[in-house]
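Engineer: Turn these sequences into a full structure, and let the hints guide you.
If you read the protein sequences in the order shown, they are chains A and B. Sequential numbering from 8 applies to the first sequence in this note's numbering. Sequential numbering from 132 applies to the second sequence in this note's numbering.
Simulated from the structure, these hints should not be mistaken for laboratory data. Beta carbons are placed, not taken as given, at the ideal position from N, Cα and C, and that holds for glycine. Mixed in with the good hints, there may be bad ones.
So the derived label-pair ranges between C-beta atoms look like this [what the hints assert, rightly or not]: (1) 84/A - 431/B: 49 to 57 Å; (2) 207/A - 431/B: 55 to 63 Å; (3) 264/A - 165/B: 41 to 49 Å.
To be clear about the criterion: a stretch of chain B counts as covered by chain A if any three or more of its residues have a C-beta under 8 Å from a C-beta of chain A, and this derived list gives those stretches [what the hints assert, rightly or not]: (4) 259-272; (5) 383-390; (6) 400-406.
Partner residues are not named here, just some residues of chain A that face chain B (Cβ under 10 Å, in silico) [to be verified]: (7) 146; (8) 248; (9) 266; (10) 268.
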Amino acid sequence: MRQLETALIGAGLIARMHLEAWLAAGACVRIHSLDGRAEELVQEFDGFGVKAVGSLDEALDGVDAVDICSPTDTHRDIALTAIARGVAVVCEKPLAADVAEAEEIVGAAEKAGVPVYPAHDIRFAPAFARLHELVAEGHLGAGTVARFTVAGYHPRPWTGHATAESGGILTDQMLHGVDIAYWLFGDVVRVHAHYQGEITAPAPQGTAAVGTVVLTHAGGALSQVVSRWTPTPQPPIRVTFHVSGTGGTIVHDSEWPQEIQVSGGPAGTFGYYGESPFTSEIREFAQALRGGPQPRLVAHDALAAVRITQAAARSAWTGRAVELPVKGAAA
Amino acid sequence: MKVAVLSFAEERAATYAGLLHAMPDVDLLLADPDGSPDDPGRGRSTARRLGATFAEGWDELFGLRPDAVVVVGEPGACRPLVERAARAGVPVLCEYPPTDGETDAERDADVLARVCEEAGVRLSVVSPVCFGPAFAAVRGELAKGGVTGRLTTIHGAYNGPRPAGERAARSGALGTNAPQLLDMVDAVLGGVHAEQVYAQTNGVGAEPGVASAALVTVRYADGTVVSLDCSWGAADAGPSAAGPVMTFIGEKASVEFTACPRLLGGFDAVTSRERPQTRGTDPYAVMLGEFVAGVSRGSGAGPDGAAALRTLRVIRAARESARTGRPVELAVPYGVAS
Numbered sequence: 008m009r010q011l012e013t014a015l016i017g018a019g020l021i022a023r024m025h026l027e028a029w030l031a032a033g034a035c036v037r038i039h040s041l042d043g044r045a046e047e048l049v050q051e052f053d054g055f056g057v058k059a060v061g062s063l064d065e066a067l068d069g070v071d072a073v074d075i076c077s078p079t080d081t082h083r084d085i086a087l088t089a090i091a092r093g094v095a096v097v098c099e100k101p102l103a104a105d106v107a108e109a110e111e112i113v114g115a116a117e118k119a120g121v122p123v124y125p126a127h128d129i130r131f132a133p134a135f136a137r138l139h140e141l142v143a144e145g146h147l148g149a150g151t152v153a154r155f156t157v158a159g160y161h162p163r164p165w166t167g168h169a170t171a172e173s174g175g176i177l178t179d180q181m182l183h184g185v186d187i188a189y190w191l192f193g194d195v196v197r198v199h200a201h202y203q204g205e206i207t208a209p210a211p212q213g214t215a216a217v218g219t220v221v222l223t224h225a226g227g228a229l230s231q232v233v234s235r236w237t238p239t240p241q242p243p244i245r246v247t248f249h250v251s252g253t254g255g256t257i258v259h260d261s262e263w264p265q266e267i268q269v270s271g272g273p274a275g276t277f278g279y280y281g282e283s284p285f286t287s288e289i290r291e292f293a294q295a296l297r298g299g300p301q302p303r304l305v306a307h308d309a310l311a312a313v314r315i316t317q318a319a320a321r322s323a324w325t326g327r328a329v330e331l332p333v334k335g336a337a338a
Numbered sequence: 132m133k134v135a136v137l138s139f140a141e142e143r144a145a146t147y148a149g150l151l152h153a154m155p156d157v158d159l160l161l162a163d164p165d166g167s168p169d170d171p172g173r174g175r176s177t178a179r180r181l182g183a184t185f186a187e188g189w190d191e192l193f194g195l196r197p198d199a200v201v202v203v204g205e206p207g208a209c210r211p212l213v214e215r216a217a218r219a220g221v222p223v224l225c226e227y228p229p230t231d232g233e234t235d236a237e238r239d240a241d242v243l244a245r246v247c248e249e250a251g252v253r254l255s256v257v258s259p260v261c262f263g264p265a266f267a268a269v270r271g272e273l274a275k276g277g278v279t280g281r282l283t284t285i286h287g288a289y290n291g292p293r294p295a296g297e298r299a300a301r302s303g304a305l306g307t308n309a310p311q312l313l314d315m316v317d318a319v320l321g322g323v324h325a326e327q328v329y330a331q332t333n334g335v336g337a338e339p340g341v342a343s344a345a346l347v348t349v350r351y352a353d354g355t356v357v358s359l360d361c362s363w364g365a366a367d368a369g370p371s372a373a374g375p376v377m378t379f380i381g382e383k384a385s386v387e388f389t390a391c392p393r394l395l396g397g398f399d400a401v402t403s404r405e406r407p408q409t410r411g412t413d414p415y416a417v418m419l420g421e422f423v424a425g426v427s428r429g430s431g432a433g434p435d436g437a438a439a440l441r442t443l444r445v446i447r448a449a450r451e452s453a454r455t456g457r458p459v460e461l462a463v464p465y466g467v468a469s
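Structural biologist: Right, here's the structure in full:
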């Protein structure tokens with residue numbers, strides 16, 4: 008197996024999870040971070056083929072891929088620099104803060120023939136991965152209506168500065184739900200959205216918000232996504248879906264008992280959640296970088312997710328449904 | 132790492148070969164000099180399909196110096212292969228000897244356990260759930276006892292369907308489904324010996340003389356009471372048909388373990404039936420992965436020969452109890468402290 012080399016940009020929470028996944032996939036990793044935390048991460052993973060480098064230039068020199076886990080507003084410049092040097096791009100969601108930047112990245116990548124793999128990790132969660140397999144194998148028949156809910160607690164205060172117009176939850180957590188809807192039912196032509204609760208950042212830990220989105224797919228299927236930041240940490244995350252088609256339904260609830268359940272006492276340290284979706288995701292990207300099959304996530308998936316979530320933000324801000332042109336549909 | 136699959140007498144060997152071949156660090160070696168009665172070319176064609184090295188004979192195979200071997204095959208043929216691997220100092224994964232009464236399963240297991248122990252070679256026995264990370268998490272936490280307190284009672288079920296193979300089917304539910312449940316109990320209790328075994332079976336819906344349903348209750352030397360349902364079930368009859376389920380009751384709290392929990396539900400309009408879906412991870416792939424990882428760590432994985440022997444003793448006692456209708460007291464084997 009060929010030794011992969013990856014440049015990881017950023018040293019925060021997501022970067023750490025990606026780092027562990029790259030190491031599990033057999034890559035060696037150099038880390039570059041503008042906030043000076045790369046050294047901390049390197050010390051922690053001392054002896055695992057991880058080093059810190061002082062510049063983006065040094066990070067990109069001779070690597071197979073860059074994995075961009077820095078704040079969203081830095082994605083464009085890093086991605087374009089990498090693409091110009093022929094370095095494959097893995098990018099934490101969203102690919103860019105607006106549609107124009109996302110189009111610029113994807114356009115440059117296509118022109119240069121450089122792959123872009125967006126890290127929409129939810130596609131690797133077992134329930135969603137199996138759902139897609141069943142739908143792709145035809146067990147759902149023609150898709151009619153899908154409902155998705157995600158409720159989670161944001162474990163830290165919201166940082167950065169975001170206005171209400173920027174969309175809040177509709178452009179961050181909501182991306183997971185719309186990405187799955189797009190993966191199952193394809194292109195989206197119309198988006199309607201509401202948001203409630205806190206939209207702007209910064210905001211304290213425990214800030215609550217709800218996004219409600221209805222998507223109309225080009226093929227006629229409809230999707231509803233309700234996405235929540237909950238004010239309390241219990242339960243830490245709840246995910247459900249109910250997907251209908253002419254062949255029946257497929258449903259899931261993360262509260263169904265899984266491998267281990269404790270009753271009559273606190274769960275303590277019995278936690279077992281199986282393989283992390285990050286591990287499965289980075290392994291699939293690594294296989295593609297080594298010449299394996301195309302992964303389930305490529306550049307146009309990143310672009311679609313940014314287009315749909317930005318349309319949702321615009322719909323919530325304007326109170327109108329937003330029409331999305333589908334490339335090739337009018338031709 | 133070079134991993135060999137020895138003998139293709141059973142169809143499962145091709146499955147094992149495919150799963151091992153899919154692992155990135157494994158070089159697969161195959162040999163099948165005796166051939167299979169139903170498909171003499173199975174070993175060679177599997178090797179060709181996977182691009183694996185095929186050895187013409189056992190000497191050639193062991194000459195390639197495998198780092199680990201998986202022995203699959205007719206019960207009589209397995210023992211010499213395990214013995215040979217042990218003499219060559221190679222860790223072995225092998226299946227349970229059948230408990231259908233045609234061969235002395237306990238004697239076979241006893242011999243293999245001793246041969247491997249004398250050679251200093253780890254023998255691992257096929258029992259997929261015992262190799263899995265979720266079961267390891269349960270076992271680790273129960274050993275600490277912080278959440279559950281002292282363990283008093285275990286109840287569990289594995290309602291896997293009637294097997295396709297005729298010989299396996301003749302061994303009944305006690306032969307096919309009890310070993311995995313008893314291995315899990317043995318792992319959690321740390322190898323403590325069974326003192327009393329009581330079993331009831333019936334053959335409702337099976338051919339004459341075959342026990343398709345079986346309940347087994349065991350009292351262990353440490354006082355733990357264990358009651359297990361090993362009956363064959365319909366293939367889509369829920370989590371206990373897909374894999375073992377087990378509840379561990381402690382003085383403070385209880386823990387439920389489900390090896391193959393429901394991942395998806397829903398309705399299939401074509402068949403007008405519910406469609407439960409379990410997690411996609413193949414327990415046999417997990418088992419082989421852990422076996423290979425255990426070999427490279429030098430630590431071993433899954434039940435060893437001694438554990439298999441304890442399980443086989445309980446199954447023999449269960450058969451006797453089912454026949455007589457009375458509980459069977461088991462003597463602690465000579466030289467073993469419970």
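Engineer: Would you mind marking each hint as holding or not holding in the structure?
Structural biologist: Structure-based check of each hint:
1. 84/A - 431/B: 49 to 57 Å: holds (51 Å)
2. 207/A - 431/B: 55 to 63 Å: About 56 Å separates the Cβ atoms of residue 207/A and residue 431/B, which means 55 to 63 Å holds.
3. 264/A - 165/B: 41 to 49 Å: holds (46 Å)
4. 259-272: holds (count 5)
5. 383-390: holds (count 8)
6. 400-406: holds (count 3)
7. 146: holds (7 Å)
8. 248: holds (9 Å)
9. 266: Nearest chain B Cβ about 4 Å off; hint holds.
10. 268: Cβ of residue 268/A sits 5 Å from chain B, so the hint holds.
The structure agrees with every numbered hint stated previously.
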